[in-house]
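Participant: Respectively, the protein sequence lines represent chains A and B. With this note's numbering applied, the first sequence corresponds to residues 1 to 334, in that order. With this note's numbering applied, the second sequence corresponds to residues 1001 to 1289, in that order.
Hints listed in this document are in silico derivations from the structure and should not be mistaken for laboratory results. Take the hints with a grain of salt, since some may be wrong.
[To be verified] Pair ranges (Cβ atoms, derived):
id: 1; chain 1: A; residue 1: A26; chain 2: B; residue 2: E1176; range: 52 to 62 angstroms
id: 2; chain 1: B; residue 1: S1238; chain 2: A; residue 2: W21; range: 37 to 47 angstroms
id: 3; chain 1: B; residue 1: G1003; chain 2: A; residue 2: G208; range: 32 to 42 angstroms
id: 4; chain 1: B; residue 1: V1258; chain 2: A; residue 2: R88; range: 20 to 30 angstroms
id: 5; chain 1: B; residue 1: T1216; chain 2: A; residue 2: L195; range: 38 to 48 angstroms
id: 6; chain 1: B; residue 1: A1077; chain 2: A; residue 2: L277; range: 55 to 65 angstroms
id: 7; chain 1: B; residue 1: G1115; chain 2: A; residue 2: Y40; range: 28 to 38 angstroms
id: 8; chain 1: B; residue 1: V1113; chain 2: A; residue 2: Y40; range: 26 to 36 angstroms
id: 9; chain 1: A; residue 1: A169; chain 2: B; residue 2: G1003; range: 53 to 63 angstroms
From a predicted model like this one, the values you see are computed outputs, not experimental measurements. A virtual CB, placed ideally from N, CA and C, is assigned to each residue, including glycine.
The residues making up each chain are set out below.
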Amino acid sequence: MIDVREEPRLRGAVRVEPALWCAGFAFALVLPLALPVPYYISTAITALMFVALAVAFDIVVGRIGALSLCQPVFFGFGSYAAAILATRHGWSFGAVLLLSMAAAVVLALAIGVPSFRLSLHAFAIGTLGFAVIAMLVARNWVGLTGGPLCMTGVPPLSVAGVELTSLTAQYYLILAMAAGAIGVAFAIARSRLGLALTAVRDDPVLAGARGLSPTAFRLTAFGISAALSAGVGVFNAYFQSVVCPENLDLSYTTALLIMVFIGGRSSLRGVVAAALLFTVLPQMLRLTEEWRLVIYGLVLLVVVITIPDGLERAFQAAGRLGRRRTQPTPVRKR
Amino acid sequence: MNGLIEQLINGLTLGSQYALVAAGLALIFGVLEIVNFAHGELVMIGAYLLHAAGTYLDLPYPLAAVTTVAAMAAVGALFYVTVIRRILERGWQVQLVATLAVSIVLINLAIVVEGSLPKVAYSELGTRTVTIAGTQVSVQRFVVLLSMAATFGVLIWFLRSTRTGRAMRALAQNREAAAVVGIPVQRIGLVTVVIASCMAGIAAATMTPLYSAHPTMGTLLAIKAFAAVIMGGFGNVSGAVVSGFALGIAEALAIGYVSSAYADVLVFSVMIAVLLVRPHGLFGRAVRA
C-alpha cells in the first residue's frame, strides 16, 4: 500500500506535485483554444468524464478496498434521471443534477447495505448482480426507459438561463465537474474521514475496536462515489442528448478498473493520469472497438501481474530522483 | 400440465449447465482461493471448439464432444501456466482483476476471430425427440442430464478415493500445512484448473447443440454460476451444484409463467435475497476471507 502522506518529507526538498497539478489545470483551461477540430474537443470531454468517474471509483476501490462492480449503475442512473426529468417534466440542469446526486446516495445505500454484509469476493459478485439487474431493467422497462430504442431528445444544456450548446462551454462544465471530483477525493485523503477509511480498509477489526464502525465508513465512501458518478451521468445525458441501455454496460466497469489499477489504487495522480491516457490514446490510434478491448485486457493483465501499484510506482521513482535515498514504502499484499 | 413438465425439463437441463459451471468455480475457489472471472469464457471457448470440430473437422457429434472436452483440458492447462500460476500467491484484488482481464481478452478475441453472430453446433440428437407425458423432449437434453450425472459421479469418486483428490482437499483446508507435508501445490493447482476447465467443456459440449455459440454467452452464465456459488457457500462444491439446479429450475419456471425478459432479474433477486438472510450462503459456514 502506498500512501502519499506518509512519505517522509525531506527538509529543503522542493514540492513539485502541487505545481504540477496547477500546471495541469491551467493547461486544461486553455486547451479548447488550441484544439482546432470539434472532434478533439469531444474527445477531451470524454476524457474528463472518465477522469471524474475513475476518481469516484477509486474512492471505493482504493480508499475502502472494496471491489465494486456496480459503478455503471450510478452513472446510468444519473443519465436516465436526467433524460426522463428533462424531456418529460421539463426540469432544469441544476435541479436534475442535485436530485440525481441525492437519489444516487439513497440508491447506494440500498445496494450497499446488503452488499457490505458480504466479504471481499462475494461483495464483488453481489454488486455485479445489481449491475446486471439494472441493465436488464433499462433494457426491458420500455415504458420508463424506452428500452433498446433509447431515450432521445434531451434538451440543450442550460445553466442559470444561459444555454451551453457549444462544445467549448460543455467542456468547461465537465472540467469544473472533474475538478470538483478531484477536489472531493483530495479532501477525503487529507481529512480525518480519509484516515478513518484507511484504518477501516487496512484492519476493520482494529478500527472497530477503536470505535470506528467499518460499515458506516464504507457506506459513506460508497455514497460519495455514487453521487459523483451520477453527476457525471447527468452531464453525459445532455452531452450525448440520447441515453441508451448501453450506458449501464459492464464495459464501463472494465474501463474504470483498468484506469484505477494502471494508475495505482488510492493514488489520485496515478488514476487521473491513467484515465487521461486510456481515453485519449485509443482515439489517437483509431483502433476498432474489439481490438482495443483485446489490447486493454492484455495491458490490464500484464500490469496487474507485474506492477500492481501501476503508474504510482513510476511517479514515486521519478519523485525520488536526485534525492537522498529514503526507505521504500512497504507494499502491502492485497 | 404439459407446459409444467416442459419447463421442469428445461429447468433441469439449464440447472445441469449451471451446476457444472458453478462446481468448477467452487472447485477453483475452494482449492486455490481464486475467484475465476474467466470461467464463463472457458464455456464459450468450449462451445466454439465444438462448433469447429463439427464444421471444420466434420466430426460426428459424439466424437466432436469428446474432442472438445479433451481440448478444454489443454486450454485449462494453458490458462493455469500463463495466468493462474502467476497470481496464486497474490492479493485477492489482483487475482480477481487478472481473471477479469482474461475474460475481456477472450470475449473480444472471439469477436475478432469469429464475429459476433451466433454459430450453431449441430448434433443429430438435437433434432430427435421423444414424447414424455404428451411433451416432446429433445434427446440432447437427456445427453445433458446423463453427462452431468456421470461427471459428478467421477468427481466425487476422484475427490474421495484418489491420492490427487485427497491432496486437493488438503490444499483446500490449509495450503501452507499441505505444502509442509510435501503436497506439490503447483501440480495440484494445475490438476484443479484442468478439471474445472473440463467441466466447463462438458457443459459447453452438451448444451451448445440446444442453443448456439456466441462471444458473450459466458458472461451471464458465469454471473449465474457465481450466484449459485455464493448461495451454496463459497468453495462448497455440492452446495454450488444444488444451488445451480435450484436456479435453473427457478429460471425455467419464471420464463414459463412470469416473463422471459425478467427471468434473469428474478434469478439475481433470489441471490440477493439469500445473501440478505444468510450472508454465508445456504449451505456455507463462515467464509474464509
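Participant: All hints, please: hold or fail.
Facilitator: Hint by hint, here is what the structure shows:
no.: 1; hint: A:A26 x B:E1176: 52 to 62 angstroms; verdict: 54 angstroms, holds
no.: 2; hint: B:S1238 x A:W21: 37 to 47 angstroms; verdict: 55 angstroms, violated
no.: 3; hint: B:G1003 x A:G208: 32 to 42 angstroms; verdict: 53 angstroms, violated
no.: 4; hint: B:V1258 x A:R88: 20 to 30 angstroms; verdict: 28 angstroms, holds
no.: 5; hint: B:T1216 x A:L195: 38 to 48 angstroms; verdict: 43 angstroms, holds
no.: 6; hint: B:A1077 x A:L277: 55 to 65 angstroms; verdict: 35 angstroms, violated
no.: 7; hint: B:G1115 x A:Y40: 28 to 38 angstroms; verdict: 32 angstroms, holds
no.: 8; hint: B:V1113 x A:Y40: 26 to 36 angstroms; verdict: 33 angstroms, holds
no.: 9; hint: A:A169 x B:G1003: 53 to 63 angstroms; verdict: 58 angstroms, holds
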